[in-house]
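Protein chains: 2
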Amino acid sequence: MELVLPKDIESRSFEIIEREIGDRRLDPICKPIIMRTIHTTADFDYLENLCFSDGAVKSLTDALKGGADIVTDTQMAKSGINKKMLAELGCEVHCFMSDEDVREAAEKNGTTRASASMDKAAGLYGGAVFAIGNAPTALVRLYELINEEKINPAAVIGVPVGFVNVVQSKEMIMKTSVPYIVARGRKGGSNVAAAICNAALYMIRDGFKA
Amino acid sequence: MELVLPKDIESRSFEIIEREIGDRRLDPICKPIIMRTIHTTADFDYLENLCFSDGAVKSLTDALKGGADIVTDTQMAKSGINKKMLAELGCEVHCFMSDEDVREAAEKNGTTRASASMDKAAGLYGGAVFAIGNAPTALVRLYELINEEKINPAAVIGVPVGFVNVVQSKEMIMKTSVPYIVARGRKGGSNVAAAICNAALYMIRDGFKA
Numbered sequence: 103m104e105l106v107l108p109k110d111i112e113s114r115s116f117e118i119i120e121r122e123i124g125d126r127r128l129d130p131i132c133k134p135i136i137m138r139t140i141h142t143t144a145d146f147d148y149l150e151n152l153c154f155s156d157g158a159v160k161s162l163t164d165a166l167k168g169g170a171d172i173v174t175d176t177q178m179a180k181s182g183i184n185k186k187m188l189a190e191l192g193c194e195v196h197c198f199m200s201d202e203d204v205r206e207a208a209e210k211n212g213t214t215r216a217s218a219s220m221d222k223a224a225g226l227y228g229g230a231v232f233a234i235g236n237a238p239t240a241l242v243r244l245y246e247l248i249n250e251e252k253i254n255p256a257a258v259i260g261v262p263v264g265f266v267n268v269v270q271s272k273e274m275i276m277k278t279s280v281p282y283i284v285a286r287g288r289k290g291g292s293n294v295a296a297a298i299c300n301a302a303l304y305m306i307r308d309g310f311k312a
Numbered sequence: 103m104e105l106v107l108p109k110d111i112e113s114r115s116f117e118i119i120e121r122e123i124g125d126r127r128l129d130p131i132c133k134p135i136i137m138r139t140i141h142t143t144a145d146f147d148y149l150e151n152l153c154f155s156d157g158a159v160k161s162l163t164d165a166l167k168g169g170a171d172i173v174t175d176t177q178m179a180k181s182g183i184n185k186k187m188l189a190e191l192g193c194e195v196h197c198f199m200s201d202e203d204v205r206e207a208a209e210k211n212g213t214t215r216a217s218a219s220m221d222k223a224a225g226l227y228g229g230a231v232f233a234i235g236n237a238p239t240a241l242v243r244l245y246e247l248i249n250e251e252k253i254n255p256a257a258v259i260g261v262p263v264g265f266v267n268v269v270q271s272k273e274m275i276m277k278t279s280v281p282y283i284v285a286r287g288r289k290g291g292s293n294v295a296a297a298i299c300n301a302a303l304y305m306i307r308d309g310f311k312a
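So the sequence lines, in the order shown, correspond to chains A and B. Counted the way the working numbering counts, the first sequence spans residues 103 to 312. Counted the way the working numbering counts, the second sequence spans residues 103 to 312.
These are calculated hints, taken from the structure and not from any lab test. Accuracy of the hints is not assured; some may be wrong.
[Unchecked claim] Straight-line C-alpha distance at most 20 Å; calculated SDA-like pairs for lysine to any residue:
{"#": "1", "chain 1": "B", "residue 1": "109", "chain 2": "A", "residue 2": "213"}
{"#": "2", "chain 1": "B", "residue 1": "167", "chain 2": "B", "residue 2": "227"}
{"#": "3", "chain 1": "B", "residue 1": "109", "chain 2": "A", "residue 2": "202"}
{"#": "4", "chain 1": "B", "residue 1": "210", "chain 2": "A", "residue 2": "211"}
{"#": "5", "chain 1": "B", "residue 1": "186", "chain 2": "A", "residue 2": "205"}
{"#": "6", "chain 1": "B", "residue 1": "185", "chain 2": "A", "residue 2": "205"}
{"#": "7", "chain 1": "A", "residue 1": "109", "chain 2": "B", "residue 2": "130"}
{"#": "8", "chain 1": "A", "residue 1": "210", "chain 2": "B", "residue 2": "109"}
{"#": "9", "chain 1": "A", "residue 1": "185", "chain 2": "B", "residue 2": "202"}
{"#": "10", "chain 1": "A", "residue 1": "186", "chain 2": "B", "residue 2": "312"}
{"#": "11", "chain 1": "A", "residue 1": "186", "chain 2": "B", "residue 2": "177"}
{"#": "12", "chain 1": "B", "residue 1": "186", "chain 2": "A", "residue 2": "202"}
{"#": "13", "chain 1": "A", "residue 1": "186", "chain 2": "B", "residue 2": "202"}
{"#": "14", "chain 1": "B", "residue 1": "186", "chain 2": "A", "residue 2": "206"}
{"#": "15", "chain 1": "A", "residue 1": "109", "chain 2": "B", "residue 2": "109"}
{"#": "16", "chain 1": "B", "residue 1": "109", "chain 2": "A", "residue 2": "211"}
{"#": "17", "chain 1": "A", "residue 1": "186", "chain 2": "B", "residue 2": "205"}
{"#": "18", "chain 1": "B", "residue 1": "185", "chain 2": "A", "residue 2": "213"}
Please build the complete structure, drawing on both the sequences and the hints.
Laid out in structure tokens, this is it:
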């Protein structure tokens with residue numbers, strides 16, 4: 103096996119991705135996010151799947167530069183987001199999925215915990231970045247809260263994965279007026295949600311200006 | 103959007119996956135693991151990618167039934183494994199990636215933290231289940247430790263993702279004599295590592311006997 107030094111693995115990976123993308127032109131503002139998602143998944147489908155509303159990357163990076171918090175629907179995504187870089191910007195990441203009051207609210211209202219966790223987030227961090235990597239019901243509840251003007255996310259990263267309600271929940275978010283980055287179709291995941299957040303953090307570190 | 107009740111989402115998802123797999127016959131012992139990986143990723147490539155050594159699923163489930171611990175190379179995988187079910191079996195999951203002594207050892211020896219974390223694990227939990235979802239260097243180090251007879255994993259889940267050293271590291275593990283479940287090729291991830299562990303836990307819950 104060819105020895106690639108640890109410090110060179112990431113840059114070499116991005117060179118390979120770049121080469122395999124070939125002639126295809128990507129919007130330079132969206133490109134770092136698309137590239138990092140492919141880096142995280144080894145799945146070039148994200149070249150097609152990832153959809154960005156106008157100005158979404160600027161909204162996302164502006165929010166994080168301004169110290170916006172991130173709300174996510176899984177402990178895995180929370181765990182995958184670069185906390186050191188987040189702290190440097192004065193941001194935090196929250197996941198309410200395991201909270202006792204969320205469990206109780208979900209049971210009482212016959213919804214999912216993911217949906218109830220969005221209600222809790224709306225009361226606390228309504229202007230946050232929402233990074234949804236797992237539960238379509240979280241995305242559907244976000245859609246409702248946005249339409250009811252109970253919440254005004256700085257940006258929504260809508261990348262739940264799966265076979266039931268997933269495709270539809272993403273299409274719903276894309277009909278709102280909030281800035282979004284959505285992985286259209288079935289694919290996505292907590293790893294993708296974390297990768298998109300991290301890509302934005304690295305863009306800020308590298309001096310990105312939109 | 104058709105309303106699917108939260109409690110029915112998972113079973114409906116598995117019905118859809120079953121339908122799309124169609125006539126293809128899967129080894130019934132491996133099938134729950136393949137299905138859950140597809141459920142986690144919405145990626146049917148895992149029908150082809152997932153490779154099982156003879157008896158690997160039995161080794162994995164026997165180990166967990168016997169209270170074996172799991173060592174993983176990412177906090178994300180640790181975060182995604184069902185801790186409640188793990189605790190019921192008397193198992194725990196460990197990730198040493200953020201440990202100060204691992205950071206120091208990696209720096210001193212010019213290796214990755216992932217590699218150093220395997221050395222630490224070898225001293226503490228050499229007979230554990232190893233679930234590698236991110237770092238090929240962790241898998242390469244496992245290969246070396248196995249060949250040096252310094253470690254004897256109950257099973258290796260080898261599913262790092264990426265473009266550099268990933269394919270090769272998986273092929274190396276498949277040359278050892280330890281029971282393995284490997285996602286051949288570039289694909290995998292912390293989510294896949296967690297999904298395979300969880301699939302094994304659910305098989306045990308559901309009374310799986312090999």
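Outcome of the hint check:
| no. | hint | verdict |
| --- | --- | --- |
| 1 | B:109 with A:213 | 10 Å, holds |
| 2 | B:167 with B:227 | 16 Å, holds |
| 3 | B:109 with A:202 | 19 Å, holds |
| 4 | B:210 with A:211 | 55 Å, violated |
| 5 | B:186 with A:205 | 16 Å, holds |
| 6 | B:185 with A:205 | 17 Å, holds |
| 7 | A:109 with B:130 | 42 Å, violated |
| 8 | A:210 with B:109 | 15 Å, holds |
| 9 | A:185 with B:202 | 17 Å, holds |
| 10 | A:186 with B:312 | 45 Å, violated |
| 11 | A:186 with B:177 | 14 Å, holds |
| 12 | B:186 with A:202 | 15 Å, holds |
| 13 | A:186 with B:202 | 15 Å, holds |
| 14 | B:186 with A:206 | 18 Å, holds |
| 15 | A:109 with B:109 | 45 Å, violated |
| 16 | B:109 with A:211 | 14 Å, holds |
| 17 | A:186 with B:205 | 16 Å, holds |
| 18 | B:185 with A:213 | 23 Å, violated |
Hints 4, 7, 10, 15, 18, counting from the list given before, are not met by this structure.
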